[in-house]
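Enquirer: Take a look at the letters that make up each chain.
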Amino acid sequence: MRSNAVALLTDFGLHDWFVGVMKGVVISINPDASIVDISHEIPRQNIVAGSFALAASYSYLPVGSVTAVVVDPGVGTRRRVLCARSAGRLFLAPDNGVLSGLMAREGRAKLVSVENDTYFFKPVSSTFHGRDIFAPVAAHLSLGVHMEDLGPEIGDCLRLEIPSPQTEGDLLAISVQWIDGFGNVITNCPSVLVDEIEARWGGELSIGAGAEAGEAQVDLRDIKIAASYEAVGPGQLLAIRGSSGYLEISVRQGSAAEILGIAIGDKLHLGRKV
Amino acid sequence: MRSNAVALLTDFGLHDWFVGVMKGVVISINPDASIVDISHEIPRQNIVAGSFALAASYSYLPVGSVTAVVVDPGVGTRRRVLCARSAGRLFLAPDNGVLSGLMAREGRAKLVSVENDTYFFKPVSSTFHGRDIFAPVAAHLSLGVHMEDLGPEIGDCLRLEIPSPQTEGDLLAISVQWIDGFGNVITNCPSVLVDEIEARWGGELSIGAGAEAGEAQVDLRDIKIAASYEAVGPGQLLAIRGSSGYLEISVRQGSAAEILGIAIGDKLHLGRKV
Amino acid sequence: MRSNAVALLTDFGLHDWFVGVMKGVVISINPDASIVDISHEIPRQNIVAGSFALAASYSYLPVGSVTAVVVDPGVGTRRRVLCARSAGRLFLAPDNGVLSGLMAREGRAKLVSVENDTYFFKPVSSTFHGRDIFAPVAAHLSLGVHMEDLGPEIGDCLRLEIPSPQTEGDLLAISVQWIDGFGNVITNCPSVLVDEIEARWGGELSIGAGAEAGEAQVDLRDIKIAASYEAVGPGQLLAIRGSSGYLEISVRQGSAAEILGIAIGDKLHLGRKV
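Chains as they are written, first to last, in this note's numbering: chain S, 20 to 293; chain P, 20 to 293; chain X, 20 to 293.
Note that these hints are calculated values from the structure, not bench results. Be careful, since some hints might not be right.
One copy or any two copies: either way a pair holds, since identical chains are not told apart in the list.
[Claimed, not checked] With a straight-line cut-off of 20 Å between C-alpha atoms, the simulated SDA-like cross-links for lysine to any residue are:
| hint | residue 1 | residue 2 |
| --- | --- | --- |
| 1 | Lys141 | Gly116 |
| 2 | Lys129 | Cys176 |
| 3 | Lys292 | Trp220 |
| 4 | Lys141 | Pro209 |
| 5 | Lys141 | Val82 |
For reference, chain S alone in the conformation it holds in the complex:
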């Protein structure tokens, strides 16, 4: 199933012409391409963040679409460029782990190493593969080129160690994997795991940090897990099963990250309400 949708996820920001040039290359090759910007504000060269943003968004892209993921601190080195087919969609990315979140959710993907330079924009620079490799190859894929034409199939790709929730006695150790623009703190605890634990432990759960967690500076023990922002008043903390499929800490009409002084990577605990 072919789609004209070409999605872009980069850490290029919007200050420069880099994203615009990628789009120019795409529509020069496929004038009917429909380009979707997932985000260009991935923290610079932060592969873990790029992996999470992709995992949170890919399933909302059209089946048959092509996504170019360009968070690529190794541009110009010998790192491979990958094309992956998973969940009925195609993904182009450097082989640096940025597909880890996608692979973890989908379990498997067909992978090729992109080596055939037929579809590259030549001469290929050593610093801007977004323009010279990712954009033109994505455009050709959106025109119906087969991923098998791009290079040899490979067995696996580099995968990041993504910290997953760990049982520690009566608590579940979790961590912060994203802070959104509203200040919502997105943990690495899947909402389905919250469901399971609620069923197993019974009673209400709460999130704790502080002395036990050894990281955050505020004790969160009283943050209640609620069904919607409505459960608390304006300015109050709550935890919620977030729209990305993970437990989030929020402040109704405010920024949880700011109030709690929490950053990506910080540790938290999920436990039974005391």
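Position chains P and X relative to chain S; hints supplied.
Expert: Then chains P and X, alone, in the frame of chain S:
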């Protein structure tokens, strides 16, 4: 008259994948959709600002287009979702007043309460109706679904009190409703009202603030209303009938907001030049 | 050769609805337009920066495309509006020098002064020609209107003095013309000139600043010109033939501009490695 144009106006910012996911949902449903970003930088959860930005932009969108306005601090609560037809265009928005500026300009609109979940992306989360309600419903409307299919017609919606210019003796009390990225100060005084007052009062008008206005820290009494930036030298203040239809204070090749220390909501006076 | 591609390059930023309104105007006129944002973050009213961004990006846009360049501190004054045909593409811009980089690269262009108001959005405001002139004229050009219909052909346009590398004894005096979002320092020294000098002088080259250059605060004499970021370790400085066709100073996985304290306009020296 049907259009494939789907416009988005949100306070989501561009840091996260939220806008990208909305676009993915739209083109998954209508692959021919032409998506226009009005802005995603409305100050977070600021309904008044969202209302003003919509009022300043909607008339430039294609007739037949659908605009999703997602400035929605009440997401997940029982606030209604509205579909309005006005000025030959369709608008989806939470029933929180964000359509007030549009309604004030157009006077009337046909309104339905969006309750039919046929076109929702399910399961509907409690925190991201942009993805789960606004984007898919907008896409279906752009495909030709009738607004009458979305839910029951309703008589009115929540409307904000938008401060309008008030006569105070020989002066007109006005206020600041937007400050743009160049630092231009957009007041709530319609340019047509400036015309009327000029005709009635005769002579030149000027804008005053400071002690009389009781808010701003600079006396603006000498700001002259001019026809174009050319009327003053670089770095000089002037007032101008702005492109949004309101009187604006500007600095030629500079930021009026910065020079005057003025913020949204501050009060000003329009009076006869002394 | 006609294309539906309409590219936009402005200093409007994304905070306001200005870019969105331009897009609304474009697709109201040409519903099949494919709009490409080159960038909207050109430093406000900085014509030199706009000229450089255009020069670095135009050749990646589709042949037959129309680009509206709106960096226009003289909006509302008597400055002309230009339509240029060059490199198989059309460009609309104020006659303020913002086409200088393009003209310098291409050597020649056909130019008309845009005076026929048939295609303008009326009434034309005195402050927002992006909406009232550039967007509607660009849209009509993308529909096949001939540039000759826009106004009389003219011989030349305003051109900026763009500083070019100058030989000073054994050194080449160069300067900084852009700093990108990664902190890469893009000089005005074309990569082909680096090739020539390497061939002529033999041996390795390096970039110097500091006392000799009289501007930057750090002595850069030891920055080696390398083929890719791989040549140095993380956090190390290098110079590289950049993707825009100019010599750049970079830090692998870091910001060169920050480490060196360098800004646009600063002077540097290219010399033989000592």
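Enquirer: For each hint, tell me whether it holds in the structure or not.
Expert: Results for each hint:
1. Taking the shortest Cα distances, lysine 141 and glycine 116 never come within 20 Å of each other, neither inside one copy (26 Å) nor across copies (30 Å).
2. Taking the shortest alpha-carbon separations for lysine 129 and cysteine 176, only the intra-copy value of 10 Å comes in at or below 20 Å, while the best inter-copy value is 51 Å.
3. Proximity of lysine 292 and tryptophan 220 under a CA criterion of 20 Å is satisfied intra-copy only: 10 Å inside one chain copy versus 69 Å between copies.
4. For the identical chains of this complex, lysine 141 and proline 209 are inter-copy neighbours only, at 18 Å across copies versus 44 Å inside a copy, given an alpha-carbon limit of 20 Å.
5. Taking CA atoms no more than 20 Å apart as the test, lysine 141 paired with valine 82 passes between copies only; the shortest distance there is 17 Å, against 30 Å inside one copy.
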